[in-house]
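**Student:** Residue-level listing of the chains:
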Amino acid sequence: MNKARVNPLNTAAMHGALILYTLIALFPVFVILINSFKTRKAIFREPLALPDGDSFSMIGYQTVMKQGDFFLYFQNSLIVTVASLFFVLLFGAMAAFALSEYRFKGNTLMGLYLALGIMIPIRIGTVAILEMMVATGLVNSLWALILVYTAQGLPLAVFILSEFMRQVSDDLKNAGRIDGLSEYAIFFKLVLPLVRPAMATVAVFNMIPIWNDLWFPLILAPAEETKTLTLGSQVFIGQFVTDWNAVLSALSMAILPVLVLYVIFSRQLIRGITSGAVK
Amino acid sequence: MQKPRIRWHIAVFLAPAVLVYTAVMIFPLFNTLRLSLFSKIDQERVYVGLQNFQTLFGDPIWSEQFWNALGNNFWFFLIHMLVQNPIGIALAAILSHPRLRFAALYRSAIVIPTILSFVIVGFAWKLILSPIWGIAPSMLDAVGLKSLFAPWLGKEEYALTTLALISVWQFVGIPMMLIYAALLSIPEEVLEAGEIDGITGMSAFWKIKLPLILPSIGIISILTFVGNFNAFDLIYASQGALAGPDYSTDILGTFMYRTFFGFQLQLGDPHMGSAIAGAMFAIILIGVCLYLFGIQTRMRRYQL
Numbered sequence: 001m002n003k004a005r006v007n008p009l010n011t012a013a014m015h016g017a018l019i020l021y022t023l024i025a026l027f028p029v030f031v032i033l034i035n036s037f038k039t040r041k042a043i044f045r046e047p048l049a050l051p052d053g054d055s056f057s058m059i060g061y062q063t064v065m066k067q068g069d070f071f072l073y074f075q076n077s078l079i080v081t082v083a084s085l086f087f088v089l090l091f092g093a094m095a096a097f098a099l100s101e102y103r104f105k106g107n108t109l110m111g112l113y114l115a116l117g118i119m120i121p122i123r124i125g126t127v128a129i130l131e132m133m134v135a136t137g138l139v140n141s142l143w144a145l146i147l148v149y150t151a152q153g154l155p156l157a158v159f160i161l162s163e164f165m166r167q168v169s170d171d172l173k174n175a176g177r178i179d180g181l182s183e184y185a186i187f188f189k190l191v192l193p194l195v196r197p198a199m200a201t202v203a204v205f206n207m208i209p210i211w212n213d214l215w216f217p218l219i220l221a222p223a224e225e226t227k228t229l230t231l232g233s234q235v236f237i238g239q240f241v242t243d244w245n246a247v248l249s250a251l252s253m254a255i256l257p258v259l260v261l262y263v264i265f266s267r268q269l270i271r272g273i274t275s276g277a278v279k
Numbered sequence: 001m002q003k004p005r006i007r008w009h010i011a012v013f014l015a016p017a018v019l020v021y022t023a024v025m026i027f028p029l030f031n032t033l034r035l036s037l038f039s040k041i042d043q044e045r046v047y048v049g050l051q052n053f054q055t056l057f058g059d060p061i062w063s064e065q066f067w068n069a070l071g072n073n074f075w076f077f078l079i080h081m082l083v084q085n086p087i088g089i090a091l092a093a094i095l096s097h098p099r100l101r102f103a104a105l106y107r108s109a110i111v112i113p114t115i116l117s118f119v120i121v122g123f124a125w126k127l128i129l130s131p132i133w134g135i136a137p138s139m140l141d142a143v144g145l146k147s148l149f150a151p152w153l154g155k156e157e158y159a160l161t162t163l164a165l166i167s168v169w170q171f172v173g174i175p176m177m178l179i180y181a182a183l184l185s186i187p188e189e190v191l192e193a194g195e196i197d198g199i200t201g202m203s204a205f206w207k208i209k210l211p212l213i214l215p216s217i218g219i220i221s222i223l224t225f226v227g228n229f230n231a232f233d234l235i236y237a238s239q240g241a242l243a244g245p246d247y248s249t250d251i252l253g254t255f256m257y258r259t260f261f262g263f264q265l266q267l268g269d270p271h272m273g274s275a276i277a278g279a280m281f282a283i284i285l286i287g288v289c290l291y292l293f294g295i296q297t298r299m300r301r302y303q304l
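Top line first, the protein sequences correspond to chains A and B.
Taking the numbering used here, the leading residue of the first sequence gets 1, the next gets one more, and so forth.
Taking the numbering used here, the leading residue of the second sequence gets 1, the next gets one more, and so forth.
Pulled out of the complex, with its shape left as it was, chain A reads as follows:
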């Protein structure tokens, strides 16, 4: 495109539209965060004002710390998310390697079978999943959640990773074979390091839905000691509806970890999407 043809009016309009939408996107988060640091009176008198010396208060956070076991919830969420991601990536990469590297009978069929789950939500099978977890005694354990999220994440992981693994050069793998590496060593030592960017993309895609899910924690692991942060804040807020300080603080505490993770991973996320990982 030509430099001469950029209309300053056009540029202003574009920035105007984007700024407007950015404000719409950030406004609710901003209001929740600033009000969580204010006294009850100030929350109602001037909801849009920043907290100052007069109106600053941490009372909400104190209530949350006293009443809710947010550290435990946070720890549960972290364990579930990290463990699920680990299994999705390991199992997904192994299956993707088998599908993209070897020719065997039923290869295409197996690929289609594993891809079914991309379009069909796992929630449809909830009734039977709950029965199974009750029968195996896994209900109210973090393992129930880890298994479900692993199964949920695998189809897309296999799909994306096998696309990437097809691009790994055959010469490299054959050189490894000539050097006497086993198929396992080729996978773990040669191929895995090469598809690391794709693995990161898959991880980021899976991380947010797992962390934020409410359905399965509610149904499979509602016990106090296995509550995730999402379920824990839902229950906590439900009990403290009238205590605005506590509700706003609980919301802020649920927002912050995700926001921090986002700041760390947003580059990866955006690069992952724009590199055409989703086609």
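Keep in mind that the hints were calculated from the coordinates and are not lab data.
Even glycine gets a Cβ: it sits at the ideal position worked out from N, Cα and C.
Warning: the hint list may mix true and false statements.
If we take Cβ atoms under 8 angstroms as the criterion, some of the chain B residues that face chain A in the derived model are [unchecked claim]:
#1 P16
#2 A17
#3 L37
#4 F38
#5 I41
#6 S96
#7 I112
#8 I283
Given chain A, put chain B in place with the hints provided.
**Tutor:** Okay, now just chain B, sitting in the frame of chain A:
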């Protein structure tokens, strides 16, 4: 290497994924469909054929709830298609403009709501729209539109639309990013060729870019469809399992949850719950098939 031998490593590579996926996803899916053909009579599980579906569609109490939830779900989906996707496409079109400053900053900010959980989003909006707190009415007052304010989430006629718009607010980042990626992959030469023919600015968007990103719009539509028809969290977080006021925000996800898990006075019934899950499965399957065979195969793809 001539004689056929079992290559065990292939099985080892495939086994964990296939086992977990089959045991936790595919098997329960079919088991749920099977359970919908049973019922509990005198504490025993009895095969009743299609009787649960007969109840679901024939019994006035059940069918009224079902059609209400299904209708609401279609309205929910329609608002996403009409509001979320056009806004997403428009934002992506602006963002993909070459030499736009701060593009990365805008992009990151607009995606922030998408990463928040439904619980946060539901409650945050509930507080903001609450007549007690008064942020929404006082903001409308500032632009002289106070008379427009109503407790939107509490009124039967507005609640579902309000929730759909909140969900749009949350997820606009997804179509935006996918379309943005599609727009970036359009080669510069194509646009330059258009420019030589005098097609620039808006008409370049309508005549060149839009036809090229149609496949991405198709994918976004089917993702929105599947996502909307198993939505649950936002409604549950902000309106509870009864999807009030008076079931006006009830969608298939909340209906299924209430039925199979039970809520307050209503006892949980896994078999009716499975029947609803079966109906949801059928709807999603029809939608996906329509997309795969009706739309995707007919869409013109351009070699770039």
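**Student:** Hey, does the B:I41 contact hint survive, CB to chain A under 8 angstroms?
**Tutor:** Result: violated, 18 angstroms to nearest chain A Cβ.
**Student:** Under 8 angstroms is the threshold here; is the Cβ of B:L37 close enough to any Cβ of chain A for the hint to stand?
**Tutor:** violated (13 angstroms)
**Student:** Once the shortest beta carbon distance from B:I112 to chain A is found, is it less than 8 angstroms?
**Tutor:** holds (6 angstroms)
**Student:** With chain A as the partner, please determine if B:I283 meets the hint condition of a C-beta pair closer than 8 angstroms.
**Tutor:** Not OK, violated: B:I283 not within 8 angstroms of chain A, min 10 angstroms.
**Student:** Given B:A17 as an interface hint, is the shortest Cβ-Cβ distance to chain A below 8 angstroms?
**Tutor:** holds (4 angstroms)
**Student:** Report holds or violated for the interface hint on B:S96, using the least CB-CB distance to chain A and a cut-off of 8 angstroms.
**Tutor:** Violated. Min distance 10 angstroms.
**Student:** Just to be careful: measuring from the Cβ of B:P16 to every Cβ in chain A, is the smallest value less than 8 angstroms?
**Tutor:** holds (4 angstroms)
**Student:** Under 8 angstroms is the threshold here; is the Cβ of B:F38 close enough to any Cβ of chain A for the hint to stand?
**Tutor:** Nearest chain A Cβ about 11 angstroms off; hint violated.
When each numbered hint is compared with the structure, violations occur for hints 3, 4, 5, 6 and 8.
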